[in-house]
Amino acid sequence: MTRQIRLGVFTVAGCGLAAFLLWGLAGLPGFGHYHWPYGNVLNQVAPNERHTSNVVGAVVFDYRGFDTLGEEFILFSAVVGVSLLLRKDREEAAPADRVRSDPIMATGAVAAALLFVLGLWVVAFGYVTPGGGFQGGVVLAGAFLLVYLTGGYREYHALTPHSPVEMAEAIGAGAFAILGFAGIAYAGSYLGNFLGIGDAGSLYSGGSIPLLNWATAVEVCAAMILLFSEFLKTYVIPTDDWRPELGPR
Amino acid sequence: MSYLPYALAAWLFVVGLYGVVSSRNLIHLAVCLTVMQSGTYVLLLAIGYKNGGAAPIFRPTRHKAVDPVVQALTLTDIVVSVTVVALILALALGAHKESGSVNPDEIADFSG
Amino acid sequence: MKASDILVDVFLASGVIAQLIACIGVVAFDDVFDRLHFSGAGATLGPLLIGARACTRNRHGACGAAHRFRSGRGDGRRTVGEMIPLQVVIIVLVGAAALAVVRQADPLRQTLVNGFYGLSLVVLFVVFQAPDVALSMIVVGSIAYPLILLVAIARVRGRAEDTTDTDKQ
Amino acid sequence: MSTILAFPVALPLVGAAFVALTDDWTPKAVKEFPAMLIAAATVAFSTVILVRSERTTLVHWFGGWHPRHGLALGVGFVAEPLGAGMAVLAGALVTASLVYSWRYMEEAPRLYRVLMLVFLAGMSGFALSGDIFNMFVWFELMGVAAYALAGYSIERLGPIQGALNFAITNTVAALFLLFGTALLYGHTGALNLAQIGRSLAGHHAGGVVIVAFTLLVAGLLVKSAVVPFHFWLADAYAVSPVPVCAVFAGAMSEVGLFGIARWYWTVFSGPLDPHAHAVRDVLLAMGLVTALVSAVMAFLQRHLKRLLAYTVISHVGIALCGIALLDSKALAGAANLVISNGFATAGLFFACGVLLREFRTVDELLLHGRGRALPFLGVVVALAAVALVGVPYIGSFLGHSTLDEGATEHGLRWLPPLLMLATGISAGAVLRAAARIFLGWGPREDSLLTPEPPDEVPETQASRPVMVAVTAVVVLIGIGLGFAPGLEDRSEHASDRFRDRQAYVERTLDGKVRRYGPPAPVVLHRAKPSSIAYGIGALLIAIATAALGLYRRRVPATARRAGARLLDPAVAGLKTVHSGVVGDYVMWITVGTALVGGVWALTLHGP
Numbered sequence: 001m002t003r004q005i006r007l008g009v010f011t012v013a014g015c016g017l018a019a020f021l022l023w024g025l026a027g028l029p030g031f032g033h034y035h036w037p038y039g040n041v042l043n044q045v046a047p048n049e050r051h052t053s054n055v056v057g058a059v060v061f062d063y064r065g066f067d068t069l070g071e072e073f074i075l076f077s078a079v080v081g082v083s084l085l086l087r088k089d090r091e092e093a094a095p096a097d098r099v100r101s102d103p104i105m106a107t108g109a110v111a112a113a114l115l116f117v118l119g120l121w122v123v124a125f126g127y128v129t130p131g132g133g134f135q136g137g138v139v140l141a142g143a144f145l146l147v148y149l150t151g152g153y154r155e156y157h158a159l160t161p162h163s164p165v166e167m168a169e170a171i172g173a174g175a176f177a178i179l180g181f182a183g184i185a186y187a188g189s190y191l192g193n194f195l196g197i198g199d200a201g202s203l204y205s206g207g208s209i210p211l212l213n214w215a216t217a218v219e220v221c222a223a224m225i226l227l228f229s230e231f232l233k234t235y236v237i238p239t240d241d242w243r244p245e246l247g248p249r
Numbered sequence: 001m002s003y004l005p006y007a008l009a010a011w012l013f014v015v016g017l018y019g020v021v022s023s024r025n026l027i028h029l030a031v032c033l034t035v036m037q038s039g040t041y042v043l044l045l046a047i048g049y050k051n052g053g054a055a056p057i058f059r060p061t062r063h064k065a066v067d068p069v070v071q072a073l074t075l076t077d078i079v080v081s082v083t084v085v086a087l088i089l090a091l092a093l094g095a096h097k098e099s100g101s102v103n104p105d106e107i108a109d110f111s112g
Numbered sequence: 001m002k003a004s005d006i007l008v009d010v011f012l013a014s015g016v017i018a019q020l021i022a023c024i025g026v027v028a029f030d031d032v033f034d035r036l037h038f039s040g041a042g043a044t045l046g047p048l049l050i051g052a053r054a055c056t057r058n059r060h061g062a063c064g065a066a067h068r069f070r071s072g073r074g075d076g077r078r079t080v081g082e083m084i085p086l087q088v089v090i091i092v093l094v095g096a097a098a099l100a101v102v103r104q105a106d107p108l109r110q111t112l113v114n115g116f117y118g119l120s121l122v123v124l125f126v127v128f129q130a131p132d133v134a135l136s137m138i139v140v141g142s143i144a145y146p147l148i149l150l151v152a153i154a155r156v157r158g159r160a161e162d163t164t165d166t167d168k169q
Numbered sequence: 001m002s003t004i005l006a007f008p009v010a011l012p013l014v015g016a017a018f019v020a021l022t023d024d025w026t027p028k029a030v031k032e033f034p035a036m037l038i039a040a041a042t043v044a045f046s047t048v049i050l051v052r053s054e055r056t057t058l059v060h061w062f063g064g065w066h067p068r069h070g071l072a073l074g075v076g077f078v079a080e081p082l083g084a085g086m087a088v089l090a091g092a093l094v095t096a097s098l099v100y101s102w103r104y105m106e107e108a109p110r111l112y113r114v115l116m117l118v119f120l121a122g123m124s125g126f127a128l129s130g131d132i133f134n135m136f137v138w139f140e141l142m143g144v145a146a147y148a149l150a151g152y153s154i155e156r157l158g159p160i161q162g163a164l165n166f167a168i169t170n171t172v173a174a175l176f177l178l179f180g181t182a183l184l185y186g187h188t189g190a191l192n193l194a195q196i197g198r199s200l201a202g203h204h205a206g207g208v209v210i211v212a213f214t215l216l217v218a219g220l221l222v223k224s225a226v227v228p229f230h231f232w233l234a235d236a237y238a239v240s241p242v243p244v245c246a247v248f249a250g251a252m253s254e255v256g257l258f259g260i261a262r263w264y265w266t267v268f269s270g271p272l273d274p275h276a277h278a279v280r281d282v283l284l285a286m287g288l289v290t291a292l293v294s295a296v297m298a299f300l301q302r303h304l305k306r307l308l309a310y311t312v313i314s315h316v317g318i319a320l321c322g323i324a325l326l327d328s329k330a331l332a333g334a335a336n337l338v339i340s341n342g343f344a345t346a347g348l349f350f351a352c353g354v355l356l357r358e359f360r361t362v363d364e365l366l367l368h369g370r371g372r373a374l375p376f377l378g379v380v381v382a383l384a385a386v387a388l389v390g391v392p393y394i395g396s397f398l399g400h401s402t403l404d405e406g407a408t409e410h411g412l413r414w415l416p417p418l419l420m421l422a423t424g425i426s427a428g429a430v431l432r433a434a435a436r437i438f439l440g441w442g443p444r445e446d447s448l449l450t451p452e453p454p455d456e457v458p459e460t461q462a463s464r465p466v467m468v469a470v471t472a473v474v475v476l477i478g479i480g481l482g483f484a485p486g487l488e489d490r491s492e493h494a495s496d497r498f499r500d501r502q503a504y505v506e507r508t509l510d511g512k513v514r515r516y517g518p519p520a521p522v523v524l525h526r527a528k529p530s531s532i533a534y535g536i537g538a539l540l541i542a543i544a545t546a547a548l549g550l551y552r553r554r555v556p557a558t559a560r561r562a563g564a565r566l567l568d569p570a571v572a573g574l575k576t577v578h579s580g581v582v583g584d585y586v587m588w589i590t591v592g593t594a595l596v597g598g599v600w601a602l603t604l605h606g607p
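Residue numbers (our numbering), protein chains in the order written: chain A, 1 to 249; chain B, 1 to 112; chain C, 1 to 169; chain D, 1 to 607.
These aren't lab readings, by the way, just hints derived from the structure by calculation.
Some hints here could point you the wrong way.
Label-pair restraints from in silico Cβ distances [what the hints assert, rightly or not]: (1) R103(C) with V599(D): 48 to 56 Å; (2) A276(D) with I5(A): 31 to 39 Å; (3) A19(A) with R360(D): 49 to 57 Å; (4) H35(A) with R515(D): 51 to 59 Å.
No experiment lies behind these values; they were computed from the predicted model shown.
Idealized CB from N, CA, C, for every residue including glycine.
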């Protein structure tokens with residue numbers, strides 16, 4: 001089958017599909033007319049019941065926390081999958097990692113530290129303001145990435161040794177699932193909230209939401225670092241006098 | 001006009017699909033999948049939008065707010081999209097290593 | 001509109017500009033390390049500035065202000081055309097950017113266009129009053145995607161030094 | 001105590017994290033056990049759920065968010081026998097695979113075990129969940145694990161191509177699901193299946209409902225590989241490691257079918273029941289085409305895993321026919337068929353693994369006669385083929401006969417013979433391969449069969465006795481289910497409950513508990529003469545197909561030429577369409593969705 005035939009047939013079918021989708025979409029209530037009880041009730045009750053001011057955070061970690069458990073493990077298994085798929089794809093003969101000037105490295109270190117603090121802040125206040133475990137976790141991983149960008153692969157590798165990061169990822173993901181079992185033990189339902197809900201607007205609010213939030217942050221940060229490492233390993237080359245073990249584990 | 005965001009969602013969906021079908025490069029294809037996926041983000045958020053509503057963050061006041069549920073769903077959706085891109089890119093690197101090509105039309109090892 | 005409102009919008013604008021510069025840098029340089037420098041700059045400045053904007057409560061942002069202005073004219077006259085011009089502009093922008101992403105066949109250039117597309121989506125999400133989602137999109141679009149995409153592209157094209165040779169062949 | 005519903009998902013997930021964390025420290029001798037034990041424990045929990053759910057439907061609300069005034073705030077799991085049975089099937093096959101792959105994976109066994117556990121959690125979650133977005137999450141979780149597992153042997157191009165086609169088509173499918181989910185949410189403001197079902201009931205199907213239904217069904221048809229959404233499956237199954245294939249074939253495709261049934265009866269049956277005939281016709285046509293086309297494709301393969309992959313597609317088509325009749329009896333038939341065929345096909349894949357270990361190839365022609373060294377395996381393979389045929393009272397016969405009765409009750413007397421034909425051809429392909437390999441019958445060359453790249457590398461140093469034993473056990477389960485006492489009545493009873501939307505909705509949202517009586521005393525039903533005739537007919541067709549495949553040259557030349565003139569263009573066309581190029585596959589998905597959507601837009605609309 002040639003490319004022309006494929007694209008031709010697709011054009012016809014795609015137009016049909018588009019028309020079909022539009023026909024369906026036209027039956028929805030108009031944009032801006034959300035009036036369903038689900039969201040409105042949650043907006044009403046969540047701040048009181050969970051003392052979280054960010055209702056999205058409450059939905060992600062409490063009302064629909066079980067979705068987030070699945071989401072965590074999607075990320076977890078994607079990282080496992082990527083390391084499975086890239087286990088043979090290692091650079092062998094290669095030029096040296098670039099060594100950068102001291103001012104760049106110093107600036108990078110400061111910027112990385114700042115980004116790290118920003119990440120912690122985004123995680124910590126996730127259920128008070130926008131942010132949370134996922135977003136903060138990626139920012140935290142970004143701080144490590146910045147070390148690579150301004151320092152070099154060597155520094156990055158030293159900061160993110162494979163084994164502990166892998167353990168952190170497993171612990172973060174496992175902790176989420178185990179906190180669910182704690183819910184069974186203390187609150188009678190999986191992922192049940194088994195801590196007091198604390199004062200609204202403070203870091204102690206939300207019961208077990210902060211715990212789940214931090215578990216997510218650890219998992220996401222470690223997963224992202226591993227993801228970057230796996231991809232970087234296929235490209236980045238160590239200097240002559242220094243080779244990390246790049247082989248499959 | 002009030003259906004424009006929905007139309008955008010359908011547009012992104014179909015344009016992304018077109019990209020997937022027509023792509024000659026797996027890396028390009030992965031990005032097209034994210035475009036298609038962003039159609040679902042837009043649809044979800046557009047459904048949950050409320051005229052005059054603000055973000056569902058209540059500190060210190062209560063106010064009219066948009067639907068928080070669709071936002072939570074979209075967050076999950078974004079994570080899914082990252083993982084899928086990572087996996088497809090990993091496979092694309094493998095394909096390049098084995099066949100020297102990342103053109104999906106050229107790496108057909110078997111058929112029939 | 002208060003001074004703080006203007007300030008947060010300035011944040012947003014400079015974040016967007018930082019991202020744009022980073023995107024251009026990614027395409028302008030051949031070496032993957034240089035490219036990563038730029039995407040790294042985007043990864044720091046962009047999230048910081050846009051995130052600062054997203055994290056400030058949205059009622060004081062452009063859309064919230066527009067809505068207050070609108071509802072001030074009375075709820076009785078609400079019709080279907082409830083959307084504000086900003087939303088329409090951004091929606092058209094996102095649609096056009098998506099087409100550009102798909103039509104750009106060269107993966108490297110596509111990464112640039114995709115960066116811009118991601119940004120326009122972020123703005124759309126802010127307009128849709130979804131700061132959490134916008135924040136996710138920023139971190140994903142400026143940290144996660146660029147890195148894995150650039151490494152994959154670099155790997156597939158061969159190292160910067162021999163890129164030109166392989167391209168010519 | 002409904003908390004048990006969390007275990008089939010949460011346990012393997014905790015297990016996956018645990019294995020990932022501790023595998024490096026675990027002594028080599030016991031490395032394989034944690035994953036196996038966790039999978040076995042998951043089966044145990046699923047079985048308890050299955051047994052309990054026969055008496056009453058179990059509901060668990062995660063985080064303790066019970067519905068308020070009929071409004072579901074959180075995510076709930078709802079277990080009735082069919083869903084729990086699906087979870088048991090998935091768990092049993094994953095456990096069997098993990099036992100089978102004892103020392104099987106030479107590389108990265110740790111990652112393999114972690115992914116298998118995650119995959120199990122995804123399937124169980126999909127089977128038990130009562131929330132449409134939550135189902136999407138589990139769908140995606142099993143997808144992500146499955147893509148990586150399919151590409152396990154990355155040092156060859158075939159697995160990469162297969163995994164890529166699998167990942168891309170199934171991601172597109174997942175996005176279809178998500179788009180449909182979003183439409184439903186916009187239309188009803190709910191994500192809980194029962195709540196969506198309640199708010200759709202009593203209204204006519206409008207554009208939103210029809211589009212959402214089409215997208216959701218199309219997404220799952222990709223997963224379960226129904227023509228023309230099926231192309232990726234053969235590519236992916238042909239290249240995955242054998243233990244992974246067994247789980248894919250036995251459980252993953254069927255999970256997709258289960259989802260279609262679940263969504264039709266709990267969500268869409270309200271608005272669509274007045275137009276049930278339109279739903280039935282479309283699904284029935286797709287099921288039949290799938291069953292027949294892929295049976296022929298199976299016949300054209302010489303690569304055993306690819307051959308089996310096409311038989312899987314054919315079985316999916318038959319089971320889809322059972323669902324499409326939209327009736328308890330046929331649904332029960334489809335369920336029984338899925339279970340017995342699932343075990344038998346898994347057993348056949350396991351047998352392929354033994355052949356691969358012994359002879360380093362799964363090419364039927366290269367294996368010609370070499371299987372004589374493994375007589376016991378030959379017997380097991382023959383038994384599995386018989387189970388697939390559904391010879392009276394054995395293996396899939398129960399499923400076939402129940403399905404046939406359902407079809408006859410609907411006045412579709414032409415359906416059972418066609419299904420018999422499809423079963424016969426696909427089982428005949430398996431019989432042909434078995435005869436050629438284990439008996440050395442037929443020629444060593446056959447130009448009709450699709451050539452395959454000689455790519456199989458030895459995967460393993462695993463112990464042969466364990467592999468053969470697992471194969472035999474799995475095949476015996478597949479055969480034995482036909483005799484299971486009372487299975488027929490129980491499955492029909494379960495299907496009745498599965499289709500009862502009212503009871504499901506009231507149980508989920510209003511907490512109205514219904515108790516169902518103890519299972520009726522075991523009555524041995526005599527099969528109808530027609531069913532027995534179909535069973536024997538399928539066997540005859542299978543034998544004839546196998547004979548034709550082996551001894552085509554003995555057919556008189558004139559008849560052969562006439563046949564070739566008639567069939568060659570069709571065969572060539574089929575082979576061209578299965579191009580192995582992912583762009584084509586996605587194009588077909590679009591075409592299929594647009595066509596199905598178009599038909600339904602015209603027929604389901606209005607009062």
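Here is how each hint holds up against the structure:
no., hint, verdict
1, R103(C) with V599(D): 48 to 56 Å, "violated (32 Å)"
2, A276(D) with I5(A): 31 to 39 Å, "holds (36 Å)"
3, A19(A) with R360(D): 49 to 57 Å, "holds (52 Å)"
4, H35(A) with R515(D): 51 to 59 Å, "violated (38 Å)"
Against the hints set out earlier in the document, violations occur for numbers 1, 4.
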